[in-house]
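Listed below are the residues making up each chain.
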Amino acid sequence: MNEQTQDSSMTLKLILAWGFVGIPLTWGVIQTAINAMKLFQ
Amino acid sequence: MSLLSILDRSHTVAKPGFSRWMVPPAALCVHLCIGQAYAFSVFNLPMTKLLGVSQSTPADWKLTELGWIFSIAIFFLGVSSAVFGRWVEEGGPRRAMFTAALCWAGGFFISAIGVYAHMLWLIYLGYGVLGGIALGIGYISPVSTLIKWFPDRPGMATGMAIMGFGGGAFIASPLSVWLMSKFSSATHVGVAETFIVLGIVYFFFMIVGSIIVRVPAPGWKPKGYVAPTQSQGLITRSDVFVYDALKTPQFWLIWWILCLNVTAGIGVLGQASAMSQEMFPGHITPVAAAGFVGLMSLFNMGGRFFWASTSDYIGRKNTYFVFMVLGFLLYCAVPHTGTIGSVAGFVICFLIIISMYGGGFSTVPAYLRDMFGTRYVGAIHGLLLTAWSMAGIFGPVLVNYIREYNVTHGVPKAQAYNVTMYIMAGLLVIGFICNLMVKAVHHRFHMKPDHEAERAQVAVAAAGEPAGA
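Chains L and A, in that order, are what the protein sequence lines are.
Note that numbering that gives the first Met the number 0 has the first sequence beginning at 0, numbered continuously upward.
Note that numbering that gives the first Met the number 0 has the second sequence beginning at 0, numbered continuously upward.
Please keep in mind that the hints were generated in silico from the structure rather than gathered at the bench.
Glycine included, every Cβ here is placed at the ideal spot set by N, Cα and C.
Hints are all accurate, no fakes.
One-sided excerpt, in silico: chain A residues whose CB lies under 7 Å from chain L:
{"id": "1", "residue": "16"}
{"id": "2", "residue": "20"}
{"id": "3", "residue": "24"}
{"id": "4", "residue": "27"}
{"id": "5", "residue": "166"}
{"id": "6", "residue": "169"}
{"id": "7", "residue": "170"}
{"id": "8", "residue": "290"}
{"id": "9", "residue": "294"}
Covered by chain A, per the in silico footprint, the following chain L stretches (three or more residues, Cβ under 8 Å):
{"id": "10", "region": "10 to 17"}
{"id": "11", "region": "27 to 39"}
Let the sequences and hints guide you as you build the complete structure.
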C-alpha cells in the first residue's frame, strides 16, 4: 500500500515536472512552426 | 546546518523510489532558460532606439556595438565552463544550477539598469560577463548527472537536455517580443522592463530545476542494466582525471572535431536568411526567408535529440563520421542547387546540415564519457566548450569575409557563397581525419586505484541513503 502511494506520488511529480517544461516548449515550437510555414506560402 | 548546505551534493542523493525520469525536466529547466541566448538578437533593433524611440538618434547605440553583447556572452560561456568545470563536477548539480540561476537573473537585472541609464558597458558586464558565466555553468551543470542516471542511454539523456538549449530561443523570442509590446509606449521602448521580467521568470524556472535534480547513490544502476566489466573498443570502464584528459591526443582531436563541425554550421546559421534570398532572388522573399530561419531552428533542436539518441545505437565515432561525410556531400551540393534553381534542394540540404550542427553539440558529452569515463565528464566537457567559443568567431568571419571578397571582385551575389560552401566541406574533411584518428585512451591516463579508493570514501561519506531504481 505504502509502495503504491509512493508510486502514484512519483507519477504525479513526473507529470508536473514534464508539464512544467513541456508546456512552454510546445508553445514555443508551435509559434516557430507557424512562422516557418511562411516559407511555403 | 547552514541554509546553503541544501545545495551540497550530499543533499541531492536520490532516495528509494525516485524516478530517473525526473532528471531530464530538471536539466531542461536550466537549458530552456539559458537557451534564450540564441534569441538575444530580438533586442538588438529596439536597443538602437532607446533614446529616439521611433527611430535611432546619433546618441543611440549602433548595431555593431550591440553585437558585442552576444559575442562576450559566448566567450565567457567557454571560459567559465572551462574554469568552473571541476567545481561543478565536485560540488554537484544543485549548487551549479543555483549559481547559474543567480548569475543569469543577475545578468538581466544589471542589463536592465544599463538600458535604463543608457550605459552600454553595464550590459556588457551584465548579460555579457555575468550572463556568459551563467551560460557556461548552466550548460554543463546537468550533463554528468544525466550520464550517471542513464548509463544505458547516455546520448539520449544528454541529447534531451542540450535540445532544451536549442529550444530556449523558441520560447524567449515570442515572449520577449510580446513583453516589449506590453511595456512600450510612445516615449518608451520597454526593453528594461522586459529584462526585469525575464530575469524573474528565468530565476524561478532555474530554481525549480535545482530543487528537483538528484544524483544517483554510489553503485546505483538502472533495473536490468548490466554494466560491461571490461572496456569495449573506444568505451572505457576507467575514469580519467580532468586535467589528465588535456594531456591526451583524444581530447584535442575531439576538440577539433567539435570546433570544425560547429564552425561549418554556425557560419551558415547566422547568414541563412541573407544567403537564401541572394542565392534565389525573386524566389525567396524576406518573409519566406524568416520562415526558413524558423524551420532551421526546429531542425537544430530536433537534431540534438535525434542524433544523440542515434549515437547510442551506432556509436559516437560513427555518428561523427555521418556528420562529416554527409555534411561534405551536402555542402558540395548547395552551389549546385543554386545553379539549377532548386529551392527545395537548397532547403533540404540546409535543414540536414543544421540538424547535424545541433547533433554535434549533443553527442559530444557521450563521446567524452566513452573516452574518459563518467567521473569528470562534466568538467572535461566544460574544457571542450572552448571549441565552441573559437568556432563562434571562425564561422561567421569565414562566411562574411569570403562573401565580401567575392562580391567586391565581381562575383554575382547568387554565386558569392559557393567558395564558402566548398571551404566548409573542406573543414569537414579535416574533421573526418581527426575522427578517424580517435583511438581508445591509453591506460596510463586512467585514474589509479588510490584515487578510486579516495573517491569512494568521499562518495560514501557524502551519500545519505541508497537510491531506488
